[in-house]
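Chemist: Sequences and hints are given; from them, build the entire structure.
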Amino acid sequence: MAEPTFLVPDWPAPSGVRAAVTLRASEVSAGPYASFNLGEHVGDDAQRVAENRARLRQRLGLPGAPVWLTQVHGTRVVELHGTERGPPEADGAVTSQCGVVLAVLTSDCLPVLACRRDGQRIGVFHAGWRGLLAGILEAGMAAMEASPDEVLIYLGPAIGPDRFEVGAELREAFAAHDPAAQDCFRPGRDGRWLADIYALARQRLSRAGVPAAAISGGGCCTVTETERFFSYRRDGRCGRMATLIWREEGG
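Note that the sequence shown covers residues 561 to 811 in my numbering.
Just so you know, the hints here were simulated from the structure itself, not pulled from any lab data.
Treat the hints with caution; some may be incorrect.
Quick list of the computed label-pair ranges, beta carbon to beta carbon [said to hold, decoys possible]:
hint, residue 1, residue 2, range
1, Glu725, His601, 24 to 32 Å
2, Cys658, Ala594, 33 to 41 Å
3, Glu809, Val568, 17 to 25 Å
4, Pro574, Arg617, 20 to 28 Å
5, Gly727, Ala702, 27 to 35 Å
6, Gly646, Glu725, 21 to 29 Å
7, Gly727, Gly810, 20 to 28 Å
Beta carbons are placed, not taken as given, at the ideal position from N, Cα and C, and that holds for glycine.
Modeler: In structure tokens:
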């Protein structure tokens, strides 16, 4: 049996809102990028990446090509209309238009999907620790143009809490923003800490007003689930998965 190509988010998104996360198997890249690498910037053969992107659109039946971002671990969120020329430099995107496919690329960083409960506005955000600390999720919630209790969230695959080893300075930086963030870290080896990026994201979203019951996902580990996910922390040179969301016509 062929390996599955996509993970379908398990969240209560309204009718007309579609989303998917790509898995690493089943397509054409080779070596450390085997085989469904969608990142152009990681050293993979450009033709293979182009073929993978074409297959992505075909297999999901996307209404258009995804609007890829130039991600810089920042907090800029852009409004997309499907008429953009070249990838915008941003770490989040939102739209209210049907047929515009939003996407972020990750290996260990946290991809976050958002939609309004009425299904009329969607977003996707790239939330590594730098972006989380700087406020990418707060910027994303503001861009959703809705009361936070009207937003649904899905936390996609990221490095798990048993593998995200960080220095004490990172724990201190998060705690300086919110002392409760200390609870998202536990002691690791040699004075280092294990960070729970999912818990940090939930905490940031909660402070922004999103109810805990509106947040789904957050149970994967890109480092340990070697057959399903690329991981920079595990492998160094590797491909990238895509997390996508779009609105269908009539939804």
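Chemist: Hints the structure violates: just list their numbers, smallest first.
Modeler: 6 and 7
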